[in-house]
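Protein chains: 2
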Amino acid sequence: MSETAVNKPVAAIVGGGVIGGGWAARFLLHGWRVQVHDPHPKARERIDEVLANARLSLPALADFPMPAEGDLVFAGSIEAAVAGATWIQESVPEELALKHRVIAEIEKHAPTSAIIGSSTSGFKPGELQEGARHPGRILVTHPFNPVYLLPLAEVVSGDAVGAEVRDRACKHLKSIGMYPLIVRKEIDAHIADRFLEAVWREALWLVNDDIATTEEIDNAIRYGFGLRWAQMGLFETYRLAGGEAGMAHFIAQFGPCLQWPWTKLTDVPELTDELVQKIADQSDRQSGAYSIRELERIRDRNLVGILRALKDRDWGAGAILKAHDQDLAGSETATLPVDIDSGKPLHMIDLFVLPAWIDYNGHMTEFRYVQVFSDTCDRLLLMIGMDSEYVASGCSYYTAETHTMQLGEIGVDERIYSTAQVLMADTKRLHVFYRLHATNDDRVLASTEAMYLHVHRESGKVCDASPDIVANAKSIADAHAALPRPEAAGRFVGQRKTQP
Amino acid sequence: MSETAVNKPVAAIVGGGVIGGGWAARFLLHGWRVQVHDPHPKARERIDEVLANARLSLPALADFPMPAEGDLVFAGSIEAAVAGATWIQESVPEELALKHRVIAEIEKHAPTSAIIGSSTSGFKPGELQEGARHPGRILVTHPFNPVYLLPLAEVVSGDAVGAEVRDRACKHLKSIGMYPLIVRKEIDAHIADRFLEAVWREALWLVNDDIATTEEIDNAIRYGFGLRWAQMGLFETYRLAGGEAGMAHFIAQFGPCLQWPWTKLTDVPELTDELVQKIADQSDRQSGAYSIRELERIRDRNLVGILRALKDRDWGAGAILKAHDQDLAGSETATLPVDIDSGKPLHMIDLFVLPAWIDYNGHMTEFRYVQVFSDTCDRLLLMIGMDSEYVASGCSYYTAETHTMQLGEIGVDERIYSTAQVLMADTKRLHVFYRLHATNDDRVLASTEAMYLHVHRESGKVCDASPDIVANAKSIADAHAALPRPEAAGRFVGQRKTQP
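Chain order of the listed sequences is A and B.
Position 81 of the first sequence, counted from 1, bears residue number 81 in the working numbering, the numbering being contiguous throughout.
Position 11 of the second sequence, counted from 1, bears residue number 11 in the working numbering, the numbering being contiguous throughout.
Source of the hints: derived by calculation from the structure; they are not laboratory data.
Be a bit skeptical, because a hint or two may be false.
One copy or any two copies: either way a pair holds, since identical chains are not told apart in the list.
[Stated by the list, open to error] Listed below are the simulated EDC-like cross-link pairs for lysine to aspartate or glutamate, each with C-alpha atoms no more than 20 Å apart in a straight line: (1) K474 with D341; (2) K185 with E294; (3) K461 with E409; (4) K174 with E69; (5) K474 with E45.
Everything numeric in this text was worked out from a predicted model, so none of it was measured.
Modelling step: build the complete structure from the supplied sequences, incorporating the hints.
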């Protein structure tokens with residue numbers, strides 16, 4: 001064992017499929033030494049694949065450096081895997097007899113202080129602990145695929161496990177970035193899988209009865225309530241649907257549906273006054289710190305963020321938005337605006353400051369200014385004729401350099417707009433001065449001076465733009481020649497305000 | 001009616017609660033004239049509230065300008081609301097007799113070409129069409145709250161509605177950014193609400209039996225499978241769980257659970273060979289264009305995007321990540337690195353290029369360079385002692401100006417790192433030169449020269465930094481005085497490469 005390994009905690013992964021591999025990746029990328037045992041001939045290959053995925057994604061969630069990756073070793077036996085382990089994660093197939101055999105072998109060799117977590121979806125800790133030597137350190141720690149990205153781990157400890165072990169288990173799970181949800185009562189399928197099972201059963205009926213295909217069902221989820229559940233879950237979402245009147249009102253309104261054939265799954269609890277009150281009280285404790293209006297704003301900001309993330313990736317609901325953009329853009333033709341000689345810089349784009357654009361000083365952050373100028377540049381290039389067809393033909397303008405002055409501050413939800421003044425255009429170059437203004441008082445928040453070069457993309461060489469584009473760019477530059485030259489143009493960083 | 005209004009299509013909104021208000025907002029923000037009728041005394045107030053939310057969020061989804069907002073008018077009667085309407089959306093309470101009365105009144109006054117969509121969750125189009133004069137243009141168009149953000153609209157037309165009307169309805173829904181999901185068979189609760197109802201019933205049991213609170217249930221959803229469903233839904237997610245062996249394998253593996261008490265909702269279809277094959281075939285048609293490995297990568301990128309969006313907003317799973325960052329940062333103390341006089345600029349941060357950072361040229365886009373330099377600045381400021389405590393005390397460094405040179409290109413998933421060279425530090429100013437390198441060959445991708453000013457945040461005035469911070473900054477500047485001055489420092493935009 002190397003010196004480094006001695007200082008690192010050891011996680012033993014017993015069973016190395018998609019779930020075991022996900023656990024291995026989470027521990028490894030948080031600096032643990034990971035010792036895997038799985039007799040399957042393809043175990044190593046499968047772990048390597050999961051790990052490759054995890055390396056590409058998990059570090060992208062952190063804004064601080066992750067610890068140096070731990071060592072991964074494959075052990076020929078359970079005995080070798082659990083040697084020196086602080087945590088042992090069992091992820092073997094869902095057969096109780098098999099799990100009992102594996103746990104017995106783990107107990108024979110593991111340090112007595114080691115926690116034994118099981119990834120089981122279905123078995124209760126009491127069932128796993130049957131016949132164990134030290135049942136008090138065996139608990140369910142049920143993760144969700146992909147384990148290296150989704151934070152949820154359901155922790156079900158049952159009566160045999162003391163608070164010290166449970167707390168220690170939660171501490172370890174938190175240290176690898178997970179959210180331990182303590183399930184207070186042992187129950188089949190814990191909590192989350194009960195919902196998954198109900199939905200799965202309903203989905204099987206819909207496919208069985210030819211009501212909907214698998215794709216239609218997935219679309220019904222991911223374009224609608226799936227987006228809501230990614231951020232608020234079921235009850236907080238319904239609290240909003242109930243509005244200021246509250247949860248009890250919501251239940252009164254939708255309670256009757258429980259008697260209607262809205263699902264083939266029909267065993268229903270009676271909506272007693274006690275149950276309604278219990279739900280309303282729990283919802284108040286959960287969400288009562290916010291007004292309905294505040295929660296709506298929070299929900300909407302979350303949805304905008306989620307939808308924009310999906311739009312960046314052109315997937316799911318984001319692909320719908322992308323396609324819709326094309327409708328909105330349909331009227332945007334690559335033609336010069338009529339007012340290029342209005343005696344003012346061109347008015348370019350109108351936006352408002354999104355929550356994600358705010359830095360710790362409470363203002364729109366530096367790189368978001370540049371993002372707006374970059375979007376403004378795209379609009380300008382479209383105006384002079386650089387449409388997607390032109391880009392597809394092999395050439396486009398590249399940004400060579402920019403000089404940005406931050407001149408004012410602006411907070412969230414404020415409206416802003418950008419302008420463009422073309423300083424110079426020739427066959428290969430475009431020199432532009434942008435300003436970002438607050439809409440309410442027109443004050444300048446930032447300016448950017450930018451030089452673009454027309455480049456043949458494959459060769460990376462600077463080349464002439466098409467005659468149409470050059471003519472368009474020059475016509476704006478000519479119209480703008482009459483405008484006062486911006487004081488900040490030609491300035492270098494740190495230069496005194498009055499130029500010689 | 002103004003001249004503008006004549007040219008705009010008209011949507012009549014009958015019933016103006018949260019759902020009707022959401023429809024009104026979607027139509028208005030897409031340039032339609034909207035005529036609302038709701039006899040409720042607070043209808044106008046409620047619509048205004050929904051509209052205020054929508055104006056803050058819906059435009060943030062588009063990257064092209066939205067049409068000019070349409071006119072909103074409140075009509076004293078259904079007759080006035082439906083005058084000249086192209087689309088009529090009925091969102092009155094879920095009582096069939098009431099809906100019949102409202103639809104009869106709509107039919108009496110609406111243009112015969114108008115489509116009548118109902119927001120009903122529970123009634124089938126056949127039920128709504130009973131006794132109608134023109135049943136062939138009455139259909140269910142069931143949206144999801146918030147209507148102005150979630151794209152899904154279930155379109156259930158039934159036998160009485162012809163393809164022309166249904167297609168026209170879908171066209172209109174698409175034009176306001178929605179995804180019309182055609183529900184091919186009339187069924188109680190359509191598709192999505194069947195799942196919501198099943199989950200709701202299961203959740204009521206869990207609360208009723210004191211297994212979990214509303215908050216625990218929401219956390220079980222939003223930290224786990226809710227994140228999956230926001231992008232892939234149920235079947236595509238399980239296709240991944242089944243791995244290369246495919247859907248039939250997955251069903252074989254988890255099929256037995258159908259007989260287990262994993263939910264209190266127990267009516268279960270028989271898993272015949274035909275049903276298994278049907279699901280596997282549909283799943284192939286839905287997702288077969290991608291390998292499992294490709295789908296996993298897509299899923300992971302989506303999850304990273306969603307999780308980071310939530311992290312920006314410090315909410316849900318994103319709040320877990322934020323808290324975890326503090327653990328990762330715990331070891332990052334505000335102290336100078338030991339190697340400030342190593343004869344090299346300081347090595348600052350290591351990253352890899354995320355999919356969202358790529359522009360249409362296929363390379364990391366301009367403002368993401370600036371984002372990395374901005375993050376690098378944060379790290380540098382932390383090094384010299386500007387920790388969160390210092391910021392909380394009222395002062396921090398603001399970026400005054402930057403000059404960025406783009407020198408190379410880099411594609412997705414490549415590793416990069418940044419360096420910092422302190423050119424000058426005094427009590428109020430910090431002058432830094434950054435470089436961004438490709439990790440594999442150390443080539444420089446971009447540089448930024450930046451000037452920061454130490455500012456008292458409330459007054460916005462430049463002031464002296466604390467003596468410790470000044471001393472730390474100067475010690476780096478002194479160590480870096482021996483480094484060659486970067487050629488690009490002091491340069492202005494467009495300057496020829498060799499300085500005089």
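Results of checking the hints against the structure:
1. K474 with D341: So K474 and D341 pass the 20 Å test inside one copy only (12 Å; across, 50 Å).
2. K185 with E294: neither (33 Å within a copy, 39 Å between copies)
3. K461 with E409: So K461 and E409 pass the 20 Å test across copies only (13 Å; inside, 38 Å).
4. K174 with E69: Within one copy, since 17 Å is at most 20 Å while 47 Å is not.
5. K474 with E45: Neither: 59 Å inside a copy, 51 Å across copies.
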